[in-house]
Amino acid sequence: MKRLIKISLFSLLIISLFSIPLLAQDQEIVTIAVGGNSVDSAKELANMYMEKNPETNVEILETPSSSTERLDLYLQFFEAKSSEVDVYTVDVVWPGILADHLIDFNDYGAEKIVDKHFDAIVENNTLDGRLIAMPWYTDGGLLYYRTDLLEEYGYDAPPKTWDKLEEMAATIQAGEREKGNQDFWGFLWQGNAYEGLTCDALEWVASHNGGQIVNSNKEITIYNDQAIKAIDRAASWVGEISPPSVTGLQEESSRHIWQNGNAAFIRNWPYIYSLGNSEDSAIKGKFDVSPLPGDEPGMSASTLGGWQLAVSKYSQNKEAAADVAMFMASEKAQKYRAIEESYNPTIKSLYEDEEVLAARPFFEDLYGVFMNAVPRPSTVTAPNYNEVSTSFFQSVHSVLNGEQEAAEALGNLQYEIQDITGFEIK
Numbered sequence: 001m002k003r004l005i006k007i008s009l010f011s012l013l014i015i016s017l018f019s020i021p022l023l024a025q026d027q028e029i030v031t032i033a034v035g036g037n038s039v040d041s042a043k044e045l046a047n048m049y050m051e052k053n054p055e056t057n058v059e060i061l062e063t064p065s066s067s068t069e070r071l072d073l074y075l076q077f078f079e080a081k082s083s084e085v086d087v088y089t090v091d092v093v094w095p096g097i098l099a100d101h102l103i104d105f106n107d108y109g110a111e112k113i114v115d116k117h118f119d120a121i122v123e124n125n126t127l128d129g130r131l132i133a134m135p136w137y138t139d140g141g142l143l144y145y146r147t148d149l150l151e152e153y154g155y156d157a158p159p160k161t162w163d164k165l166e167e168m169a170a171t172i173q174a175g176e177r178e179k180g181n182q183d184f185w186g187f188l189w190q191g192n193a194y195e196g197l198t199c200d201a202l203e204w205v206a207s208h209n210g211g212q213i214v215n216s217n218k219e220i221t222i223y224n225d226q227a228i229k230a231i232d233r234a235a236s237w238v239g240e241i242s243p244p245s246v247t248g249l250q251e252e253s254s255r256h257i258w259q260n261g262n263a264a265f266i267r268n269w270p271y272i273y274s275l276g277n278s279e280d281s282a283i284k285g286k287f288d289v290s291p292l293p294g295d296e297p298g299m300s301a302s303t304l305g306g307w308q309l310a311v312s313k314y315s316q317n318k319e320a321a322a323d324v325a326m327f328m329a330s331e332k333a334q335k336y337r338a339i340e341e342s343y344n345p346t347i348k349s350l351y352e353d354e355e356v357l358a359a360r361p362f363f364e365d366l367y368g369v370f371m372n373a374v375p376r377p378s379t380v381t382a383p384n385y386n387e388v389s390t391s392f393f394q395s396v397h398s399v400l401n402g403e404q405e406a407a408e409a410l411g412n413l414q415y416e417i418q419d420i421t422g423f424e425i426k
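By the numbering used here, the letter at position 54 of the sequence shown is numbered 54, and the numbering carries on one by one without gaps.
Only pairs whose alpha carbons sit at most 27 Å apart, straight line, appear in this in silico DSS-like list of lysine-lysine:
{"no.": "1", "residue 1": "Lys313", "residue 2": "Lys43"}
{"no.": "2", "residue 1": "Lys348", "residue 2": "Lys335"}
{"no.": "3", "residue 1": "Lys112", "residue 2": "Lys52"}
{"no.": "4", "residue 1": "Lys52", "residue 2": "Lys313"}
{"no.": "5", "residue 1": "Lys332", "residue 2": "Lys52"}
{"no.": "6", "residue 1": "Lys116", "residue 2": "Lys43"}
{"no.": "7", "residue 1": "Lys164", "residue 2": "Lys229"}
{"no.": "8", "residue 1": "Lys318", "residue 2": "Lys332"}
{"no.": "9", "residue 1": "Lys229", "residue 2": "Lys218"}
{"no.": "10", "residue 1": "Lys229", "residue 2": "Lys160"}
{"no.": "11", "residue 1": "Lys332", "residue 2": "Lys348"}
{"no.": "12", "residue 1": "Lys164", "residue 2": "Lys286"}
{"no.": "13", "residue 1": "Lys116", "residue 2": "Lys52"}
{"no.": "14", "residue 1": "Lys348", "residue 2": "Lys160"}
{"no.": "15", "residue 1": "Lys218", "residue 2": "Lys426"}
{"no.": "16", "residue 1": "Lys335", "residue 2": "Lys52"}
{"no.": "17", "residue 1": "Lys348", "residue 2": "Lys112"}
{"no.": "18", "residue 1": "Lys284", "residue 2": "Lys164"}
{"no.": "19", "residue 1": "Lys43", "residue 2": "Lys348"}
{"no.": "20", "residue 1": "Lys43", "residue 2": "Lys335"}
{"no.": "21", "residue 1": "Lys116", "residue 2": "Lys313"}
{"no.": "22", "residue 1": "Lys81", "residue 2": "Lys313"}
{"no.": "23", "residue 1": "Lys43", "residue 2": "Lys81"}
{"no.": "24", "residue 1": "Lys229", "residue 2": "Lys426"}
Note that these hints are calculated values from the structure, not bench results.
Throw the hints in and build the complete structure from the sequences for me.
In structure tokens, the structure reads:
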């Protein structure tokens with residue numbers, strides 16, 4: 001794998017060199033590393049920028065779609081102190097990992113515009129007072145529910161508490177099985193031992209007022225009564241309202257069960273909304289979305305996801321690169337991506353924009369979710385976040401599988417995190 005990554009790095013450097021047209025000597029070049037589904041829209045935004053700023057040539061460098069491979073590639077660029085890439089697209093959990101290699105956007109005027117973005121995302125991207133990444137688009141966990149089944153079984157609204165979800169899921173599951181669908185389940189989520197379980201489990205813990213694993217003061221908080229209650233609750237779903245196989249499900253595997261019409265509720269990300277309404281979907285026009293439940297009404301929590309734009313401190317064109325990044329994170333650029341490609345903006349006002357809502361009406365339901373999104377402790381535990389997250393989801397997974405009780409698992413987990421980070425236990 002290392003050899004393949006190194007080969008791909010060399011290839012990318014060659015591509016970047018030979019893809020640049022002959023330019024005027026005074027024209028600055030800004031290269032942006034982009035991967036996955038964002039490549040096409042990034043090219044459009046680059047063209048929009050160059051129309052207004054002909055003195056700058058913006059080049060797109062395509063990177064692996066896999067976020068793991070992309071991070072490995074970035075680390076190679078940074079280790080080499082390479083100036084080949086100026087702007088990097090950065091996952092929401094990477095700012096702390098990459099902070100030492102990134103500029104502070106506050107030095108380039110970002111403090112004048114950053115208040116337009118969701119506070120939780122700005123907080124996530126800020127380390128020791130340095131704004132090391134500009135919010136580009138966001139994500140958050142949502143509860144999808146079958147509107148037709150809620151109506152059929154006498155419910156007029158989605159659940160606001162976990163107790164109510166358990167009741168509704170069990171009732172609908174029993175009714176659908178009586179009608180002959182033995183494959184029907186009440187509630188689906190992502191229980192495999194991977195980063196997705198960190199997202200789900202953080203939502204359970206935060207929605208029970210159990211903290212965020214590690215707080216902003218670098219204190220380990222995961223071992224508390226409310227966190228234990230949350231994880232024990234989730235374990236009780238397995239084999240009851242959720243299939244035994246839920247401990248192996250990820251986003252796509254759970255979505256397929258849901259989209260085939262075999263669940264009343266699912267926790268997933270915003271991207272499955274449009275897929276659920278595709279022509280071949282068994283649930284087209286039969287579902288809606290709401291915030292996730294809480295231990296009490298009003299305690300909903302949604303794990304923060306999404307991508308950011310960061311500028312390398314090794315760039316030879318830092319000012320131009322920062323300007324490009326701030327344009328791509330601007331209201332104009334985010335509105336374009338929201339309307340054309342259904343990306344969730346990080347700018348609050350766009351959730352009230354008439355043109356955006358006409359194109360993406362369900363965005364209106366997402367505003368409250370993103371306003372209250374819970375960041376993973378990636379910045380505060382940097383550069384050890386991956387180890388902390390792995391310890392967390394493995395501990396939770398052991399409870400879901402019945403190998404440990406939540407109290408034992410979280411009690412041991414706090415010491416594991418202490419060994420990794422050196423932080424104090426609260």
